[in-house]
Amino acid sequence: MNGGVETALVIGATSDIGRAIAYALAKDGCALQLAARDTARLARETRDLRVRTGVAVTSHRCDILDEDGGVSLLDTLDSLPEVAVCVVGLLGDQAEGQRDGAIAERVMRTNYVGPALLMGALAERFERRGGGVLVGVSSVAGERGRAANYIYGSAKAGFTAFLSGLRGRLAACGVHVVTVKPGFVRTRMTDGLDSPARLTATPEEVAAAVVAAIRRPRDVIYVRRVWRPIMFVLRAVPERLFKRLSRL
Amino acid sequence: MLSGWGRYPALDCRLERLRRCEALPGLLHRGTTLIARGNGRSYGDAALNPELTVSMLAMDRMRAFDAGTGLLDCEAGVLLADILETFVPLGWFPPVVPGTRLVTVGGMIAADVHGKNHHRDGTFGGHVESLTLAGPDGATRECSRTENADLFRATLGGMGLTGVILSARFRLRPVETAFVMAETLAARDLNETMALFEASRDWPHSVAWIDCLARGAGLGRGLMTRGAFMERGVLPPRLESNPLCLAPAGKLRVPVDVPSALLNRVSIGLFNEFCYRLGRGRARAEARPVHFDRFFFPLDRIEAWNRLYGRPGFVQYQCVLPKGEAPAGVAALLERVAAAGQGSFLAVLKLFGPTGEGLMSFPMEGYTLALDFPVRSGTAALLDGLDEITHRHGGRVYLAKDACCAPARMREGYPRLGAFKAVRAEAAGAPPRFASELSRRLAL
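From first to last, the protein sequence lines are chains A and B.
Start counting the first sequence at 0; every next residue gets the next number (numbering that gives the first Met the number 0).
Start counting the second sequence at 0; every next residue gets the next number (numbering that gives the first Met the number 0).
Because the hints were derived from the structure by calculation, they are not lab data.
Just so it is clear, the structure is predicted and the values come from calculations on it, not from any experiment.
Here a beta-carbon is modelled for each residue, glycine too, at the ideal position from N, C-alpha and C.
Where hints are given, some of them may not hold.
Unchecked claim - Heads up, simulated SDA-like pairs for lysine to any residue below, C-alpha to C-alpha not over 25 Å straight-line:
#1 A/Lys26 - B/Lys420
#2 A/Lys26 - B/Leu89
#3 A/Lys26 - B/Gly125
#4 B/Lys322 - B/Gly90
#5 A/Lys26 - B/Glu239
#6 A/Lys26 - B/Ala216
#7 B/Lys420 - B/Ala380
#8 B/Lys322 - B/Ala216
#9 B/Lys322 - B/Ile301
#10 A/Lys26 - B/Lys322
Said to hold, decoys possible - Looking from chain B toward chain A, a few residues come up when the C-beta cut is under 7 Å (computed):
#11 Leu26
#12 Arg29
#13 Trp208
#14 Arg415
Unchecked claim - Sample of chain A residues at the chain B side, in silico, Cβ under 7 Å:
#15 Arg43
#16 Arg46
#17 Val50
#18 Arg51
#19 Glu126
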């Protein structure tokens, strides 16, 4: 058992980070509800987690791009989990997004609209129950819009703000909201990107940080400590200067 | 630059990561040859192809486990370390493990690895019930002893040259504890060492470290270790509370490339003398429980130990000699090494059981000797000399370790190469789509 957590829902479970978080939770004996869009890939992860951990694992189709942000997922769950983790994300191609509104919209909906609606719907149920932990994986890219990835960054900024507001609203009723800003992580999303080794976490590091933040509730976590001072400085730089560092 | 565990040779290879088997046809459609690569623990050039090397590390899902029979079904990129972490606490252990747990299932099949129990249990491939192999068109085939049997036998030990191994099914064995009752015996010369192996046939696990700088009367002196998994009832009280525990991960790491100049006759001679005396002293002590991690994977405790040999890298030489030839042949090999003064930290001798079914599998009934040498100017000549001795005594070299062997000698060591080539020609396309620097160098 994981600090009283018997069941956790992981949305975006076929992502590298989602898989690692699900594994870390299951290793503590927590039963899993896995949700993702691609059911074939989800079945592969479900089997793997069952064999590796022996916990009960159910799989649920969920498309964050559906009109309702995938909220219908919640009707397919056998029980309301104590913990819900949303790892959904799409980096997208900034240049393509600048040219093509449909591509930009897809990035915005995947990173903000869908996850926010889904976390909002879960929040309603958690509030009614009077407890639970909501974990949203956002991004350091949402701290400030950079020329290189502001479509993705703005959506993550929205999600970060949403989680922040949700945390304030639910604090009184025992529902805790954790915002995770992992920085660079070695995953499919960053395949081919050359990120600095000291700033780049593994999915397992992210998972360990998330599990720790669930056990002893934290509000906002960066996975590698080095990101906190970096983001502090980045936020403090005046816009006039930040503009010139545009492709930072 | 990509290389094997020996860090020699290093080649500029195009490296792609396979994440789902559905993506394999796309890689094949590029029209180049390719080789699948596991965790890069073969020593030489077996998992290198400059045109396209496909990392299988992301193909690491377990598919099913039958707790009634111990049958595990998993993808080829699953690490042995993951299997141990998952199943030892449940009381299961792989039927055969090599000297490191940082290998993939696909790699264990492709090299048809052996362990300290080869004399009793054969190679890993002998325990594989079936495997799924992708061919040159990306289509998959089930291979087993009853289905595509020829392809199955060619794939065990086939060095990835028959196709891409995607998944496999093999049976784990029940163990009551994670501890091995192990004892170490000192042998004063090669005859004594070999006599100890003969006397230890009933022990499930046996291996000997040889002081390869000892000459004359002490030639082949060494320390023989043998062991057997312990049953729960005989565990000492201090281990009773957690009989199936996993050992904490090794924390040691070789932080930098050791300057090659530090590896010389004197330093290695001292090291070997020290080890021999230490072991001989301990040998008088009784058998004692050793955690399986230490017993099977002592080097895994030292991360990146391949850096011990410095930047130029090292080559490992492992050969097997048929039993009748072994006393004279192993003595000749050791004499050659001692004369060259290029001792290695690791000289390992082991008695193998009968030849297995894999057409290109390395083990045959007899003695296998493994040595490693830093790459430097005299190394090629020394290896050539060792090859010549191996060849003269009817032995062969291990392809998973080799980086230098001459094609003609290698071929004579593998009498079933013709059959292997025929199966490969049929299964892997003509010319074969699955190729490596090793297959090119040896004209396999």
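For each hint, the structure was consulted:
1. Of the supplied pair hints, the one linking A/Lys26 and B/Lys420 is violated, its CA atoms being roughly 46 Å apart against a limit of 25 Å.
2. Our distance criterion of 25 Å between C-alpha atoms is met by A/Lys26 and B/Leu89, whose separation comes to about 14 Å.
3. For the suggested pair A/Lys26 and B/Gly125, the alpha carbons sit about 32 Å apart, so the restraint of at most 25 Å is broken.
4. For the suggested pair B/Lys322 and B/Gly90, the alpha carbons sit about 36 Å apart, so the restraint of at most 25 Å is broken.
5. At roughly 23 Å between alpha-carbon atoms, A/Lys26 and B/Glu239 fall within 25 Å of each other, so this suggested pair holds.
6. Restraint check for A/Lys26 and B/Ala216: not satisfied, since their Cα atoms lie roughly 56 Å apart, outside the 25 Å limit.
7. Annotation: proposed proximity of B/Lys420 to B/Ala380 is violated, straight-line Cα distance about 30 Å (limit 25 Å).
8. Distance check on the hinted pair: B/Lys322 and B/Ala216 sit about 22 Å apart at the alpha-carbon level, within 25 Å; holds.
9. Between the alpha carbons of B/Lys322 and B/Ile301 the distance comes to roughly 34 Å, so the proposed pair goes past 25 Å and is violated.
10. In summary, the hint linking A/Lys26 to B/Lys322 is not supported, as the alpha carbons are separated by about 48 Å, beyond the 25 Å threshold.
11. Violation of the interface hint for B/Leu26 is found here, the shortest Cβ-Cβ separation to chain A being roughly 14 Å, above the 7 Å cut-off.
12. The beta carbon of B/Arg29 is not positioned within 7 Å of any beta carbon in chain A (closest approach about 17 Å), and the interface hint is therefore violated.
13. For B/Trp208, the shortest C-beta to C-beta distance to chain A is roughly 35 Å, which exceeds 7 Å, and the interface hint is violated.
14. Proximity of B/Arg415 to chain A is violated relative to the hint, the smallest CB-CB distance being about 35 Å (cut-off 7 Å).
15. This hint holds: A/Arg43 has a C-beta 5 Å from the nearest C-beta of chain B, less than the 7 Å allowed.
16. For A/Arg46, the shortest C-beta to C-beta distance to chain B is roughly 5 Å, which falls under 7 Å, so the interface hint holds.
17. For A/Val50, the shortest C-beta to C-beta distance to chain B is roughly 4 Å, which falls under 7 Å, so the interface hint holds.
18. For the restraint placing A/Arg51 at the interface with chain B, the shortest Cβ-Cβ distance is roughly 5 Å, inside the 7 Å limit, so the hint holds.
19. Against a cut-off of 7 Å between C-beta atoms, the interface hint on A/Glu126 is violated, since the closest Cβ of chain B lies about 37 Å away.
In this structure, the earlier hints numbered 1, 3, 4, 6, 7, 9, 10, 11, 12, 13, 14 and 19 are contradicted, and the remaining ones agree with it.
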